[in-house]
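Residue numbers (my numbering), protein chains in the order written: chain A, 1 to 426; chain B, 1 to 297.
Keep in mind the hints are simulated off the structure, nothing from the lab. Quick caveat, the model's predicted, so the values are computed rather than measured. Be a bit skeptical, because a hint or two may be false.
Derived DSS-like pairs (lysine-lysine); straight-line CA-CA distance at most 25 Å [claimed, not checked]:
#1 K125(B) <-> K19(A)
#2 K54(B) <-> K424(A)
#3 K86(B) <-> K134(B)
#4 K221(B) <-> K196(B)
#5 K106(B) <-> K17(A)
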Amino acid sequence: MNKLFAIIKREYLQRVKTKGFLIGTLLMPIFILGISFLPALMMRSNLGESIRLVVIDETGQLFEPLEAAFSEIKNGKGDAKYQLSQLKSGESLEQGIVSLGQKVNAGELDGILVLPRAILENNQFQYHTKNIGNFEIIQTVERTVSGVVRSLRLNESGLDVELVKKLNNWVSVKTFKIGESGSQEQRAEISFLFSMIMGLLLYMMLILYGQFVMRAVIEDKNSRVVEVILSSVKPFQYMAGKVIGIGATGLTQFLIWVATAVLISMYGLVFVKSFAPEVSQLVLPQVSPWIYVAFLAFFLLGYLFYATLSASIGSMVNSESEAQSYQWVVMMPIILAFFFMFAVNNSPNSLLAVILSLIPFFAPILMFSRILAEAAPLWQILISFVIMILSIWGSLWVCGRIFRVGILMYGKKPNLPEIVKWIKYS
Amino acid sequence: MTAVQLSGVHKSYGDVHAVNDLDLVVTEGQVFGLLGPNGAGKTTAIRMIMDIIKPDSGSISILGQPNSGRLQDQVGYLPEERGLYKKMVVLEAIVFFAELKGISNKKSPPKAIEWLTRLELDKWKDHKIEELSKGMQQKLQFICSVIHQPRLLILDEPFSGLDPINTNLLKDVMMELKENGVTLILSTHLMEQAEKLCDSICLINNGKSVIQGQLADVKRKFGINRIKMRYDGDAAFLDDKSLVAGFDDYGQYVEIVPAEKVKPQLILERAIRQVTISHFEISEPSLNEIFINAVKN
Numbered sequence: 001m002n003k004l005f006a007i008i009k010r011e012y013l014q015r016v017k018t019k020g021f022l023i024g025t026l027l028m029p030i031f032i033l034g035i036s037f038l039p040a041l042m043m044r045s046n047l048g049e050s051i052r053l054v055v056i057d058e059t060g061q062l063f064e065p066l067e068a069a070f071s072e073i074k075n076g077k078g079d080a081k082y083q084l085s086q087l088k089s090g091e092s093l094e095q096g097i098v099s100l101g102q103k104v105n106a107g108e109l110d111g112i113l114v115l116p117r118a119i120l121e122n123n124q125f126q127y128h129t130k131n132i133g134n135f136e137i138i139q140t141v142e143r144t145v146s147g148v149v150r151s152l153r154l155n156e157s158g159l160d161v162e163l164v165k166k167l168n169n170w171v172s173v174k175t176f177k178i179g180e181s182g183s184q185e186q187r188a189e190i191s192f193l194f195s196m197i198m199g200l201l202l203y204m205m206l207i208l209y210g211q212f213v214m215r216a217v218i219e220d221k222n223s224r225v226v227e228v229i230l231s232s233v234k235p236f237q238y239m240a241g242k243v244i245g246i247g248a249t250g251l252t253q254f255l256i257w258v259a260t261a262v263l264i265s266m267y268g269l270v271f272v273k274s275f276a277p278e279v280s281q282l283v284l285p286q287v288s289p290w291i292y293v294a295f296l297a298f299f300l301l302g303y304l305f306y307a308t309l310s311a312s313i314g315s316m317v318n319s320e321s322e323a324q325s326y327q328w329v330v331m332m333p334i335i336l337a338f339f340f341m342f343a344v345n346n347s348p349n350s351l352l353a354v355i356l357s358l359i360p361f362f363a364p365i366l367m368f369s370r371i372l373a374e375a376a377p378l379w380q381i382l383i384s385f386v387i388m389i390l391s392i393w394g395s396l397w398v399c400g401r402i403f404r405v406g407i408l409m410y411g412k413k414p415n416l417p418e419i420v421k422w423i424k425y426s
Numbered sequence: 001m002t003a004v005q006l007s008g009v010h011k012s013y014g015d016v017h018a019v020n021d022l023d024l025v026v027t028e029g030q031v032f033g034l035l036g037p038n039g040a041g042k043t044t045a046i047r048m049i050m051d052i053i054k055p056d057s058g059s060i061s062i063l064g065q066p067n068s069g070r071l072q073d074q075v076g077y078l079p080e081e082r083g084l085y086k087k088m089v090v091l092e093a094i095v096f097f098a099e100l101k102g103i104s105n106k107k108s109p110p111k112a113i114e115w116l117t118r119l120e121l122d123k124w125k126d127h128k129i130e131e132l133s134k135g136m137q138q139k140l141q142f143i144c145s146v147i148h149q150p151r152l153l154i155l156d157e158p159f160s161g162l163d164p165i166n167t168n169l170l171k172d173v174m175m176e177l178k179e180n181g182v183t184l185i186l187s188t189h190l191m192e193q194a195e196k197l198c199d200s201i202c203l204i205n206n207g208k209s210v211i212q213g214q215l216a217d218v219k220r221k222f223g224i225n226r227i228k229m230r231y232d233g234d235a236a237f238l239d240d241k242s243l244v245a246g247f248d249d250y251g252q253y254v255e256i257v258p259a260e261k262v263k264p265q266l267i268l269e270r271a272i273r274q275v276t277i278s279h280f281e282i283s284e285p286s287l288n289e290i291f292i293n294a295v296k297n
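Given the sequences, and given the hints that come with them, work out the whole structure.
This is how it looks when you write it as structure tokens:
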């Protein structure tokens with residue numbers, strides 16, 4: 001037992017003392033902070049933005065109402081966001097687009113609105129711009145032009161525009177999340193984003209720490225330290241020491257992150273307000289402490305399961321490049337689980353989601369993501385724990401046997417029948 | 001008392017019989033040479049003694065008890081392929097390896113300093129291992145194998161990579177350990193070293209014991225005396241097959257292998273009649289010769 005502890009201690013201390021650990025630990029909160037604050041910061045930098053559009057109006061009756069409608073749209077500083085002007089030269093439509101296009105390319109103009117004569121009948125107009133990826137602007141332009149065209153049609157048919165608008169008003173949804181402490185307003189996309197970030201974090205940690213274990217075993221094997229160690233401890237003790245020591249490093253990292261997250265949710269708003277006073281609300285969702293507990297539990301279960309697999313892979317090979325031909329055993333299920341996560345997020349209570357989230361290879365990510373969606377009843381979580389623990393036990397048994405033989409083998413990497421023989425060999 | 005006993009031990013990897021029906025007895029307090037060419041099965045035998053791998057059949061007892069993991073703490077092992085954590089600090093590494101042998105990290109540091117001083121490494125105790133030269137790492141590895149005061153010490157090619165000064169230093173340390181009652185098993189293919197250090201030897205080839213016993217007995221039994229002679233004149237007697245089985249002319253001197261049952265005395269008598277002798281010496285058979293003969297046969 002003391003020997004196991006000595007291996008764990010060495011592995012842990014040697015890792016925590018490295019620069020890599022420090023950098024990795026600091027980068028993640030910065031990454032999360034970035035995701036949380038970036039929208040606020042971007043909003044700030046776009047405050048005084050103005051979009052210059054030239055309108056080629058073939059109908060001759062749309063420009064003025066359009067200019068009036070666009071002037072209502074303000075930017076962050078309270079000025080009109082869109083500046084419209086009309087092309088009045090005698091040029092043809094094509095010529096106009098070419099000459100204005102040059103201005104767009106030169107950066108003197110942001111876009112050209114072409115409203116053809118037939119717009120009232122075929123419901124189509126053109127918007128020429130450099131950046132067709134900016135959905136926000138395109139949607140605004142579409143919405144505004146539609147509104148103006150609709151008003152014009154209503155006017156022509158003699159209806160009361162204001163009345164029709166009022167009757168036609170859009171009904172919008174406000175989302176509330178039902179949690180332990182009742183129902184709280186929360187925007188759906190933030191809750192989705194949060195699930196994704198947590199899922200991604202779990203996915204990255206499982207892959208990364210599995211890699212660490214594999215690499216550590218290969219290093220020890222190559223530097224021949226294993227021979228000395230195995231003359232003092234059992235292979236199983238050694239493997240367990242490696243896995244637990246490296247896992248403890250991951251745990252340390254996670255606790256640092258949780259502390260950061262708690263600090264942000266307590267003082268983050270104050271901090272942001274100090275340099276961006278117009279931000280009145282942080283996009284961080286309310287997180288129940290149980291989520292952190294669940295994350296921790298599924299990280300540990302997933303880690304133990306995958307790390308023993310990784311350790312046995314490391315023991316079989318002589319180099320990291322050789323390991324690549326076995327690594328899919330670990331990588332594939334984790335990557336698949338990550339992709340299933342999107343589907344599971346959409347319908348966390350479907351039979352497929354329940355089944356997938358109980359399979360040990362996927363459970364750490366999928367069951368956790370169902371817990372985030374508050375779709376997993378307690379009994380399913382408990383069953384998942386039991387399945388995971390049994391799987392870890394099985395994985396320890398199989399991998400321990402592979403490890404015991406593999407760690408002392410040098411030269412040709414084993415094929416499947418050989419590995420099976422190692423497992424059977426007592 | 002026997003320190004190590006192997007009876008009918010067998011170990012194969014696939015079709016290869018790495019160790020084949022090996023019997024071995026190491027008496028306590030001796031320096032025992034486990035000799036053999038590369039690939040003879042020495043390392044496999046040692047790994048089984050260390051309980052790193054299990055034999056397919058046969059029994060092994062260590063320090064009078066059947067082999068088990070519990071005995072590992074009383075055995076020290078310097079493997080042929082050295083292995084240290086390069087990023088670790090020298091002193092920390094020794095303390096770590098002592099912990100693996102069940103010595104608490106409070107007890108080991110003074111002992112570690114003592115050893116570092118003895119092997120002239122004390123200045124390096126706070127350096128990272130990767131900063132040490134190969135020879136220094138070798139000495140450090142040796143310290144890691146003796147820090148827990150083992151009763152049995154297994155050294156696999158302990159002198160490889162050491163300069164003559166450090167080789168002597170290590171040899172002295174080994175003799176000190178022997179005087180303190182430690183049993184040493186020395187695995188090597190360097191026969192001169194074995195000849196100087198070992199009380200008993202076992203020569204293994206293809207996984208089997210070929211020659212085994214006290215060094216002096218082995219030499220008497222398997223060795224052929226040779227004559228080293230320097231002379232002037234025409235040594236026609238060298239071609240007499242009833243007298244000389246073979247000879248090597250080295251220019252400065254000639255080395256003669258007497259024919260069967262011919263005493264060196266007789267050769268001297270014949271030589272005096274034909275040439276002027278300036279040097280005549282009967283040399284003991286070297287372990288090297290015994291080794292080469294045994295392996296070739």
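Results of checking the hints against the structure:
no.	hint	result
1	K125(B) <-> K19(A)	holds, 23 Å
2	K54(B) <-> K424(A)	holds, 15 Å
3	K86(B) <-> K134(B)	holds, 12 Å
4	K221(B) <-> K196(B)	holds, 18 Å
5	K106(B) <-> K17(A)	holds, 22 Å
Figure legend: structure checked against the earlier numbered hints; every hint is met.
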